[in-house]
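Now for the letters of each chain:
There are 2 protein chains.
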Amino acid sequence: MRKERLLSPGPTPVPAEVLLELAKPVIHHRTAENRAIVREVTDALKDVFKTKNDPVILASSGTGAMEAAIVNTVAAGEKAICVRGGKFGERWAEICEAYGVTPVCLDVEWGSPVDVVAVGDALKANPDAAAVCTTLCETSTGTVNDIEALATLTCDAGALLVVDAISALGAMELRMDQWGVDIVVSGSQKALMLPPGLGVIALSDKAWARAEQAQRTCYYFDLLKARASLAKDDTPWTPAHTLIAALRRSLEVIQSAGGVEAMWAFDAALAKATRQAAESMGLALFSKAPANAVTAITLPDGVDGAAVVTAMADTYGVRVAGGQAQLKGRICRIAHMGYIDAFDVICALTALGYALADAGHPVDMSGIAAAFAGLSG
Amino acid sequence: MRKERLLSPGPTPVPAEVLLELAKPVIHHRTAENRAIVREVTDALKDVFKTKNDPVILASSGTGAMEAAIVNTVAAGEKAICVRGGKFGERWAEICEAYGVTPVCLDVEWGSPVDVVAVGDALKANPDAAAVCTTLCETSTGTVNDIEALATLTCDAGALLVVDAISALGAMELRMDQWGVDIVVSGSQKALMLPPGLGVIALSDKAWARAEQAQRTCYYFDLLKARASLAKDDTPWTPAHTLIAALRRSLEVIQSAGGVEAMWAFDAALAKATRQAAESMGLALFSKAPANAVTAITLPDGVDGAAVVTAMADTYGVRVAGGQAQLKGRICRIAHMGYIDAFDVICALTALGYALADAGHPVDMSGIAAAFAGLSG
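Top to bottom, those sequences are chains P and V.
Per our numbering: the first sequence = residues 1 to 377.
Per our numbering: the second sequence = residues 1001 to 1377.
Be aware that one or more of the hints could be misleading.
To be verified - Taking lysine-lysine and the DSSO-like style, the derived pairs with C-alpha atoms no more than 27 Å apart in a straight line are: (1) K1272/V / K1328/V; (2) K1232/V / K87/P; (3) K1272/V / K328/P; (4) K1087/V / K1124/V; (5) K1225/V / K1087/V; (6) K206/P / K232/P; (7) K1079/V / K225/P; (8) K1087/V / K1328/V; (9) K232/P / K1328/V; (10) K87/P / K124/P; (11) K272/P / K87/P; (12) K328/P / K288/P; (13) K1052/V / K1225/V; (14) K225/P / K206/P; (15) K1124/V / K87/P; (16) K1232/V / K1046/V; (17) K1225/V / K1206/V; (18) K1087/V / K225/P; (19) K1206/V / K1124/V; (20) K79/P / K1124/V; (21) K1087/V / K328/P; (22) K225/P / K50/P; (23) K46/P / K288/P; (24) K124/P / K206/P; (25) K1079/V / K1124/V; (26) K1225/V / K1079/V; (27) K1232/V / K1024/V; (28) K1087/V / K1288/V; (29) K1087/V / K232/P; (30) K1003/V / K1024/V; (31) K1206/V / K225/P; (32) K1272/V / K24/P; (33) K1232/V / K1052/V; (34) K1206/V / K1052/V; (35) K1206/V / K24/P; (36) K79/P / K272/P; (37) K3/P / K1024/V; (38) K232/P / K79/P.
Quick caveat, the hints were computed from the structure, so don't treat them as lab data.
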């Protein structure tokens, strides 16, 4: 008998009622029944994004939604300021380059948030920049950027603020319309508690206006086509509609837990307790501005970090994420988004403690339970 | 109590063991366990495509795989001959236009197969055409094109033969390498017996060589990146890996039914029986070259065809497809692909007979059972 526990920052565990929805017989997607589901899910997503416009659901990963953001609103030859403070910030610049958009890269030390003043300076130096592309939670480092402050800058400058909220949407505070964010993208396999396969994207009126005017190079990710279909609760291409039906269930789970604001508050408390527990274990936090969706813990010097993360999975059945690229072997990342509760994180930290001890680096685990007191039950 | 029966040419019914795979707890995709699944499925898909090269699985609908075919192998400014004999043939030309490829359109009357000689003439008139884009089964009309003959032409001319086999792969004979087809695309929700959400695409050596040399505009659908990842049984972006795990099950179902050749033979027999039954009902076939994956039946003059198709679903629980675009209200389309057997088609034809009688146009249903004798049990 062996139990597996998934605490990676995507994919995340999926509640049983959502999984069972996926096991239902497939219905046809061009039916009144499916259109009603599309409408219900679209309306519920507005509250998750905190926006008045209909979010668009794509049959793709989150990266597809990132591509949709760029190709619909920034033309080849235009400039986009790309904040690069991790693997996913880098992806914005790569997408721009692939489509002939000139990325103006603002490199940020991994683990640090972007300096808002530096973005302001970049906007002044590049008054023709069509967009600023960044992340709410940089998943590779567990770092939060101050999107509200950045939105003030882009609103003044007239540029679009394009935010990768793939790991943050539904887990961390994000008030798209109130803050003035223009494009937010996410994916299904994070706080939306689904398997991967759906990208979601919401646009402000300003972003839609750009899409209407921009010289666009796209077909599958054509958001104007998607919007025209969505007006009839439909999609231009065959949707991944069984995942959309499952999304209806996971949005119900969020609603019954008190709504998205309650999720933000819970994940904030969970992340705070995780940081406290890690410190009680004598382990440092990697990020200088830790996000609430995922905590990156620096593994001790002299320990083979990749082996520790592997041992957590192989020996203890707890799957967290290690470091990517330059952080390989240096950190472990424990998710707090979606269907993850305090006991799950307690298990993950305990498994980390066991694996470190097995690797010859025992840590103090006596403070773990206290850190999470009051967060469960 | 009401039973629903799905016989549309996508989505198709999904076997219970495949649905249950989708209800299993989600594992992480960057693991040895998932890489083993990706490898097993990729190897099994080679036999479905009848090709030696690894097919690539995309998190998208079939339209995404069509876009991938064009953007990776045909550069902006180049020409592609597009056979337009239905809604899906038209899609090739639309994708070309979106990416600056000049479509040379060969318009074919809906319901007729493309004239091979006409394609040869188009290749002679356009010796610089980079590709010929067509369909194996044009789903909107239920018509089969002679891909083997077209491949002889494109091999001689040096152009790529790009085939939409979305509704045909696994249902109709297709020998990619032996015939000399360069690109074949399909989707998960047809004969592969899955919900929608996966696109699949296979390339010949000639097509891969083009991809290596072409001036490409793509990111999410970058097949060179996908191939590099697939060499390590991995994907560049988060895959829809629970659907891939389910695909392993549906490929096992195909294998246990005798393999893809047995599926071709069964669907051919099912389609032949359907044509015979329709004729015994006094109903005409719409296509001049009926495909084996789907049969398009012309609805009698004076009958509201769209209402008949709706009544089949609403009154009798049998979901077939009506006509699209110029064929709206004129035909009904009954699928034979995937997890559909003779009794399913008998039910569909019987429901069609009932619905026609309800609409004041009774037909002779006495020949239905005989047409399918020997095809079940």
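Going down the list of hints, with the structure as the test:
no.	hint	in the structure
1	K1272/V / K1328/V	holds, 24 Å
2	K1232/V / K87/P	holds, 20 Å
3	K1272/V / K328/P	violated, 58 Å
4	K1087/V / K1124/V	holds, 26 Å
5	K1225/V / K1087/V	violated, 30 Å
6	K206/P / K232/P	holds, 22 Å
7	K1079/V / K225/P	holds, 25 Å
8	K1087/V / K1328/V	holds, 12 Å
9	K232/P / K1328/V	holds, 18 Å
10	K87/P / K124/P	holds, 26 Å
11	K272/P / K87/P	holds, 24 Å
12	K328/P / K288/P	holds, 18 Å
13	K1052/V / K1225/V	holds, 19 Å
14	K225/P / K206/P	holds, 17 Å
15	K1124/V / K87/P	violated, 49 Å
16	K1232/V / K1046/V	holds, 17 Å
17	K1225/V / K1206/V	holds, 17 Å
18	K1087/V / K225/P	holds, 16 Å
19	K1206/V / K1124/V	holds, 20 Å
20	K79/P / K1124/V	violated, 43 Å
21	K1087/V / K328/P	violated, 48 Å
22	K225/P / K50/P	holds, 23 Å
23	K46/P / K288/P	violated, 31 Å
24	K124/P / K206/P	holds, 20 Å
25	K1079/V / K1124/V	holds, 13 Å
26	K1225/V / K1079/V	holds, 25 Å
27	K1232/V / K1024/V	holds, 25 Å
28	K1087/V / K1288/V	holds, 17 Å
29	K1087/V / K232/P	holds, 20 Å
30	K1003/V / K1024/V	holds, 25 Å
31	K1206/V / K225/P	violated, 33 Å
32	K1272/V / K24/P	violated, 31 Å
33	K1232/V / K1052/V	holds, 17 Å
34	K1206/V / K1052/V	holds, 13 Å
35	K1206/V / K24/P	violated, 42 Å
36	K79/P / K272/P	violated, 38 Å
37	K3/P / K1024/V	holds, 13 Å
38	K232/P / K79/P	violated, 34 Å
When each numbered hint is compared with the structure, violations occur for hints 3, 5, 15, 20, 21, 23, 31, 32, 35, 36, 38.
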